[in-house]
Amino acid sequence: MSFLSVRDLRVHFPTIDGVVKATDGLSFDLERGKTLGIVGESGSGKSVSTSAILGLHRRTNAIVSGEILLDGVDLLKISDEDMRRRRGRDVAMIFQDPLSAMHPYYRVGNQIAEAYRVHHDVSKKAARARAIEMLDRVGIPQPDRRVDDYPHQFSGGMRQRAMIAMALINNPSLLIADEPTTALDVTVQAQILDLLQDLQRDFDAAVMIITHDLGVVAEMAHDVLVMYGGRCVEYGSTKEILTHPEMPYTWGLLSSIPEVGADPEAKLLPIPGNPPSLLNPPSGCHFHPRCTHRDKVPGDLCWTVSPELTPGTRGDGHLKRCHLANPDVVYEREVLPEIAPDLVEER
Amino acid sequence: MFAYVVRRLFIGVILLIVMSLVTFMLFFLMPQDPARVACGKNCSIAQIKQTEKALGYDKPALTQWVDFLQGVVVGREYPEDKTLREKAPELISDCAAPCLGYSRVNQVTVASEIKEAFPVSLSLAVLAFLMWIIGGVLFGVIAAVTKGTVIDRGIVALSLVFYAFPTFFIGLFLLKFIAIKWGLVDVPSYTTIAEGGIGGWLSNLFLPSLTLALFFMAGYVRMTRAFVLESMTEDYIRTARAKGLKRGPVLFKHTMRAALTPLVTMAGLDFAGLMGGAIITESVFNFNGLGKLVVDANVSYDLPTLIGLVVLLGAFVIVANIIVDVLYAVIDPRVRVA
Chain W
-14 MSFLSVRDLR VHFPTIDGVV KATDGLSFDL ERGKTLGIVG ESGSGKSVST SAILGLHRRT
46 NAIVSGEILL DGVDLLKISD EDMRRRRGRD VAMIFQDPLS AMHPYYRVGN QIAEAYRVHH
106 DVSKKAARAR AIEMLDRVGI PQPDRRVDDY PHQFSGGMRQ RAMIAMALIN NPSLLIADEP
166 TTALDVTVQA QILDLLQDLQ RDFDAAVMII THDLGVVAEM AHDVLVMYGG RCVEYGSTKE
226 ILTHPEMPYT WGLLSSIPEV GADPEAKLLP IPGNPPSLLN PPSGCHFHPR CTHRDKVPGD
286 LCWTVSPELT PGTRGDGHLK RCHLANPDVV YEREVLPEIA PDLVEER
Chain F
27 MFAYVVRRLF IGVILLIVMS LVTFMLFFLM PQDPARVACG KNCSIAQIKQ TEKALGYDKP
87 ALTQWVDFLQ GVVVGREYPE DKTLREKAPE LISDCAAPCL GYSRVNQVTV ASEIKEAFPV
147 SLSLAVLAFL MWIIGGVLFG VIAAVTKGTV IDRGIVALSL VFYAFPTFFI GLFLLKFIAI
207 KWGLVDVPSY TTIAEGGIGG WLSNLFLPSL TLALFFMAGY VRMTRAFVLE SMTEDYIRTA
267 RAKGLKRGPV LFKHTMRAAL TPLVTMAGLD FAGLMGGAII TESVFNFNGL GKLVVDANVS
327 YDLPTLIGLV VLLGAFVIVA NIIVDVLYAV IDPRVRVA
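Sequence order for the protein chains is W and F. Residue numbering for the first sequence is -14 to 332, as defined by our numbering. Residue numbering for the second sequence is 27 to 364, as defined by our numbering.
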């Protein structure tokens, strides 16, 4: 069995207006040393799903069901206290905006040392030494001095490095990075991604990286899971998904990426419409109101029947949720020429 | 930091001077003639003029204000009328700097009036402050933690009740039932620590402070609840939880530290305002504090007392503001001035 195995994860929020199905039947596997990229628009349920792995929905009104097996232990069945002890020690998380994710009133070093002392019975001095060591490890210059700074005295990139130090100080086996580079400058983004990869090798951790940036995925992830409307719509190895996507939503994501060196006159092709409401999702395939290929499916299948997650045309390592009978052909003939004409010629 | 405080104090002094000027002008703009009131209904014009001179209201308002400022800096002697001083030297009383004036209505210096009344108001304010801060924060946090439950709703509803009832009602209610009908405590009358010991001082202050505290506590419960709930949704609280911290440290260390910062500002200013006297509470319990002094001075058109109190209360608020700002820098590292 895999190191992390999530089966049919559902996170539902009952509200006065009805049940919000933020995550609706998510399944995936992840090994140590490997990276899974979770991609999707804002509000597609990425962060909610990962919060469930950390057990952050406990004691809220969220209803979480399914299985989250970490090293064989179902995180949804253990007690609150057991989950708390695993938080930060077995599973750690890096958040999107490091400025708001750090307490403004406490020194950076204290916050990092605190994470260590929760799980290790050591003196404040020892924890501080460990915090300095970690700050040094994530590339903060003069860590013995910066350890006493407040978060607002750090630059954005340094704050994210400090967050990474905080997350990795207990040597977790699973690291969840929730849009770790979204709030950063492009040059700093690359540094942070490099650092994460570097540390992953050292710590042999399983990493989940949540992003809406396919560039980050291409750089970091071994596997990709594309989410839409709380569901997995495409899942497979990064190479496979990026070269032979078989779900129109993934095509949309790919065609929305601006390319360096592309013709400045060329238009980006955004996905029309807005992400679906998770309270009243569209009937049938959640993506059909925005899908430009729905007329290729016979009848009103897209409107009425929700497609299952089925193996793609190129083998069962690739899963897609789409009614199209020949997505590979549609992609090659219609989508690729629009988004990457140069690639078509090569093929 | 030192330069900052000096600058703030300097601005504060200017503010006080302006305040005293405005109060002088307002006083003399009143349609009522203070000399006529002091003299009584059956006074002749000549008698009124004489009273006016005796009270010192005969000079132009601006001159009187300058005299007042001068008195604050170098001190004054009363009465100012030279002929009167020669005729009756026994009336002369000295008012050393900083002289806030001489109340001809009460025949004492304003400073000695304040000296009498201030301990009463201060005692009330300190005790009430302790009660409402402890109670307000405690119940506010309990309400926030139990949000949506019966406990939360009960606390919020009860605080609304106390907030809505006027102080004089709560004061009279407590006086009538707890002190008079049930006899749980004596009917309070202010005793100094020297007279009655700490026990006597406390027991006499209990009901009036409670009256004051209940009103403020109601507001603080709701504010604390709102601030705690707000800071619970902050990203850094999620970080604290993701680290594996227990609920206790997450609430008391991370959440409260952020939530209580704005409360410090409010508490400082409320306390300063209260030091200047709780008008209604002091009247209900017949405590001769600054609040009662202000009301009496207004009723009897006693300008010197009024001016003295305005300047004093203004100074309280200004100093409290400075203290709060300095405290804020201690609490929040982001606002520390370089």
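No wet-lab data here; the hints were simulated from the structure. One or more hints might be untrue.
Think about it this way: if two alpha-carbon atoms lie no more than 27 Å apart in a straight line, the pair counts; the simulated DSS-like pairs of lysine-lysine are [stated by the list, open to error]:
id, chain 1, residue 1, chain 2, residue 2
1, W, 110, W, 62
2, W, 62, F, 141
3, F, 279, W, 109
4, F, 75, F, 85
5, W, 109, F, 272
6, F, 173, F, 272
7, W, 110, W, 19
8, F, 173, F, 279
9, F, 173, W, 6
10, F, 173, F, 113
11, W, 224, W, 19
12, F, 113, F, 141
13, W, 110, F, 272
14, F, 85, F, 67
15, F, 85, F, 108
16, W, 62, F, 75
17, F, 173, F, 202
18, F, 79, F, 67
19, W, 110, F, 113
20, F, 79, F, 108
21, F, 207, F, 173
Some chain F residues judged to face chain W by a derived CB distance under 10 Å, without partners named [as the list claims (entries may be wrong)]:
id, residue
22, 108
23, 111
24, 112
25, 115
26, 264
27, 266
28, 272
29, 273
30, 275
31, 277
C-beta atoms are modelled at their ideal positions from N, C-alpha and C, and glycine is treated no differently.
Hints versus structure:
no. : hint          : in the structure
1   : 110/W x 62/W  : 36 Å, violated
2   : 62/W x 141/F  : 69 Å, violated
3   : 279/F x 109/W : 16 Å, holds
4   : 75/F x 85/F   : 12 Å, holds
5   : 109/W x 272/F : 18 Å, holds
6   : 173/F x 272/F : 19 Å, holds
7   : 110/W x 19/W  : 34 Å, violated
8   : 173/F x 279/F : 19 Å, holds
9   : 173/F x 6/W   : 24 Å, holds
10  : 173/F x 113/F : 75 Å, violated
11  : 224/W x 19/W  : 14 Å, holds
12  : 113/F x 141/F : 30 Å, violated
13  : 110/W x 272/F : 21 Å, holds
14  : 85/F x 67/F   : 23 Å, holds
15  : 85/F x 108/F  : 14 Å, holds
16  : 62/W x 75/F   : 92 Å, violated
17  : 173/F x 202/F : 35 Å, violated
18  : 79/F x 67/F   : 18 Å, holds
19  : 110/W x 113/F : 81 Å, violated
20  : 79/F x 108/F  : 11 Å, holds
21  : 207/F x 173/F : 37 Å, violated
22  : 108           : 64 Å, violated
23  : 111           : 62 Å, violated
24  : 112           : 67 Å, violated
25  : 115           : 65 Å, violated
26  : 264           : 7 Å, holds
27  : 266           : 7 Å, holds
28  : 272           : 7 Å, holds
29  : 273           : 8 Å, holds
30  : 275           : 8 Å, holds
31  : 277           : 12 Å, violated
Hints 1, 2, 7, 10, 12, 16, 17, 19, 21, 22, 23, 24, 25, 31 from the earlier list are contradicted by this structure; the remaining hints agree with it.
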